[in-house]
Amino acid sequence: MTTSFIHPALIMIFGALLLPFIKGPFRKPYLFAVPLLTLLSVVYLSWHPGVYGVVTFMGDWTLTFGRVDRLSMVFGFIMALMAVIGTIYGLHVEDNWQHIASWFYVAGSLGVIYCGDYLVLFLFWEMMAFASTFLIWFNKDKGSLAAGYRYLLVHTFGGVILLLGFVLRYQATGDLSFVLLSEENTQLYTWLIMAGLMLNAAVPPLHSWLPDAYSKATVTGAVFMCAFTTKTAIYTLARGFAGFDILIILGVVMAIYGIIYAINENDIRRLLGWEIVSQVGYMVAGVGIGTALAINGTCAHAFAHILYKGLLFMAAGAVIHATGKSQFTDLGGLYKKMPTTFLFMIIGGISVSAFPFFSGFVTKSMIIAASFEEHLLITGFLLTMVSVGTFLVAGLRLPYLIFFGENRCSDETWQNACDPPWNMQLAMIAAGFFCLLVGSYLPFLYNMLPYTDVSFHPYGGYHLSETLQILAFTAITFFFLKDKIRARASISLDLDWFYRKGGQFFLWFAKTPVQWLDNCWGAAYRVVGLYTLMTTARFWSWFDWHGIDGVVDGSARCVRAIGRRVTITLQRGQIQQTIYISVTFAAVLLASYVWL
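At position 171 of the sequence shown the residue is numbered 171 (the numbering used here), and the sequence of numbers has no breaks.
No wet-lab data here; the hints were simulated from the structure.
Here are the simulated EDC-like cross-link-like pairs (lysine to aspartate or glutamate), alpha carbons at most 20 Å apart as the crow flies:
#1 LYS484 to ASP330
#2 LYS325 to ASP419
#3 LYS23 to ASP95
#4 LYS336 to ASP419
#5 LYS28 to GLU94
#6 LYS28 to ASP95
#7 LYS142 to ASP267
#8 LYS325 to ASP141
#9 LYS140 to ASP267
#10 LYS337 to GLU406
#11 LYS484 to GLU406
#12 LYS325 to ASP267
#13 LYS325 to ASP411
Whenever a hint applies, use it, and build me the whole structure from the sequences.
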């Protein structure tokens, strides 16, 4: 292994393993210290770019655990920062297993970000999948167990596809390095690797796991999950598939598809899950465009998205933590009971909606500008129009249905509603502060982006006026349409309907036609096979009894009769005669041996 190198993921892993032994007043400081040390380790590595942790494995394979460059720097920093914020948000959780699962989840993400080869990537990729599954299972609500199994099944399937792609690439090239692949020379392994990575990015049609799983996770677990899985996948796509045109199309489809489903959603976290699909679509499109500005925009938007989406999930979690309700049809009018939570949800909502001086205004426009620079006019126009839906859903509909409008709360829900504990509020303050910092002080984020020589100035007169017009138009539209998108219990069919129905068909097929054939085969076997077998067995039983046993028993009876005759002849009760016969017989045998 190369010189001294402490992988940030190791800090999280060893911190998680030691957590059960930390008791009493030391526990909360320890919970804060471990992710903070991880963040400091990431910052230290950012000051010392290079390749670390190179290991020779089984003689032929070179594993790289620490590739530190500008692309990994920005993703490593925001992941470690979110680990600190997420852990602060969950300080009140007494269940150590939730913290352990969260930290292993973060470790998996950091391991992927700093890896330099496919084997290390796969190791930490699967660590992420399995650790995050427990964040769903730890929630005891109805449906969480099944959602966790679905999540694990989908990600295991994606892992198999990814591993198959790695194996085929190694077979074809003899190389396991995690590098940018060429669009001009695509092979089967290229598409397999891309598909495995896109599954974690929730690219349609491999996306339905996201709103399903995130809405069933624990309150604190959902905060971690909204930050790490999809953005780690965006990092891998930016590292390995920048400039692939197919990603532009898929990204635009994601952006539109997610926001359409979010408009009619009745569950808070499912709405935010669909909104994640939409916003990650911007990043996928940015990776597909592949220019320096587009990659900078992708990294910046991932950075900002982790903060404002984490803030929205924390505010939603505060509502669920206080009321125990996650359906809009069970909420409403809570601004009087939860004013602090309302404030932070507004900050998250206007950040994702690209209000000036907030993070989304800067980062989202970089990707749109990159599309226009490359003369991708339809792409730029559609991504701009999706901003209307984003503000409509996250900036207006979400806070309106929870904090304003008709009060649909039961008496118990209304009595329980209150702002969350201090640690949850502190975490929301931190996330809200960074949402404002990223949008107001551009060097903070710009200095971390991969291409520092690319300039982008979001606060031009044209961009400001365009954004304000879009926001004003959306607000007016919401005022007239708010009754059309009110809270109502509904089920929106998605593409997962096909594989859910496919699963039901498979179960029916196994229970009905296959089981019928099995029953017919069993009956035929009993009638034909078993009868023949029993007839043959009876014949051999008769033959054994009358044939083989007759010969053996007859021989035994013959020997016994001869022995009895010899006994009568030789054993007359006279010892002298018996000794004489025995000695004579021995002498005859001896003489025969000597002479013959």
